[in-house]
Every structure is written in structure tokens, then in C-alpha cells.
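**Student:** Sequence:
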Amino acid sequence: MIPFLILGLLKEEAGSYGYELLTYMRERHFDYVIHYTKGSFYYNLQQLAAKALLEQLPPTTSGTKETRYQLTATGETEFRRLFQKYGRINDTTAMAFYAVLLFADQAPDLMPDLLNFQITAAREKIRLTEQSLRTTPNLPNNYSRILANTVEHHRVNLQWFRQLQQTYH
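Note that my numbering numbers the sequence shown so that position 64 is 52, with each residue one more than the last.
Hints in this document: simulated from the structure, not taken from any laboratory.
It is possible that some hints are incorrect.
[Stated by the list, open to error] In silico DSS-like pairs for lysine-lysine, Cα to Cα no more than 25 Å straight-line:
1. -1 / 39
2. 26 / -1
3. -1 / 73
Based on the provided sequences and hints, a complete structural model is requested.
**Tutor:** Here's what the structure looks like:
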């Protein structure tokens, strides 16, 4: 997924430095959709360049160490391939707590504390996501809709966790 994000950002912001792309990802709250680290980002950026999906642009000033990138024709093709691939995935929600719930009857004494934790975490995710929507009014494409949907997902989880809490009190 990280290569897809990098390719997509370079389609939008051709000629960007790696650090700029990473900053765009942070500003647009991509971490709400996918887990990435600075290291994984730069590793994927290097891999895309090594596969000739990106090309390095010449420095704009002499002595500049930062490398600017743009997509190659092969990179454009790969972006479209990944766009189709990820656009056709309809995964179940990947949430470790759901796996815990599969075995809740095996440790019912642990459930009240875990549910309290999940309720607190869901509230915080709602707060942070709503804050992002308020403070970042010009999110590109459908990203504001994705964040709004994320809020609704967490609200549903919050309601569900409260119902489950009644089972264990």
C-alpha cells in the first residue's frame, strides 16, 4: 500500500522531495488509513526508484542533496495497476480486538478492563478524526469523506463496546 501512496502523491505533486511526500502523508492524515513509519516510507521510495518506477530529477541548485522525484511511464502504469488492485479489495476490518472477542468467554474477567480501554480509544479516535476534519478543510479528493466514514465506524464500535460492557458487569 505504501508504494501506491507514494506513486499517487507523485502524480499529484511531481518533482517532490521524499521529505515533502512524507509531510504530505502526515498533513493528510494517511496514518488513519495505513500504518507506516519514516523508515518504511523511505525504503519503499528507494525500491520504487530501483525498479525504475520513479526517476530522480536534477537538482534545482548546485550543492542540493535532496532528491526530487517524478513518475516514469512504468510508474504511471504501476500506479494504475495498484489502483485497480486496491480498488477491488473489500477486506474485513483488521482489528486485533475483534480476534480477542472470538475468545471472550475464555477470559471473561479480563473483558471489563479491555472494553473500557477500547471505549476510551474509540472516543479518542473520534475526537482526533473530527479535529482533523475541522482543522484541515481542504483535504484532497475524497479524503474528507473517508475520514467522516472513519468517524462513523468508530461511533458504531463505541456503541457496540458499550453494549458488550453490559454483558460483563
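**Student:** Quick one, are residue -1 and residue 39 close enough, alpha carbons at most 25 Å?
**Tutor:** holds (17 Å)
**Student:** Does the alpha-carbon distance linking residue 26 and residue -1 stay inside the 25 Å limit?
**Tutor:** holds (20 Å)
**Student:** Is the straight-line distance between the alpha-carbon of residue -1 and that of residue 73 25 Å or less?
**Tutor:** holds (18 Å)
The structure shown violates none of the earlier numbered hints.
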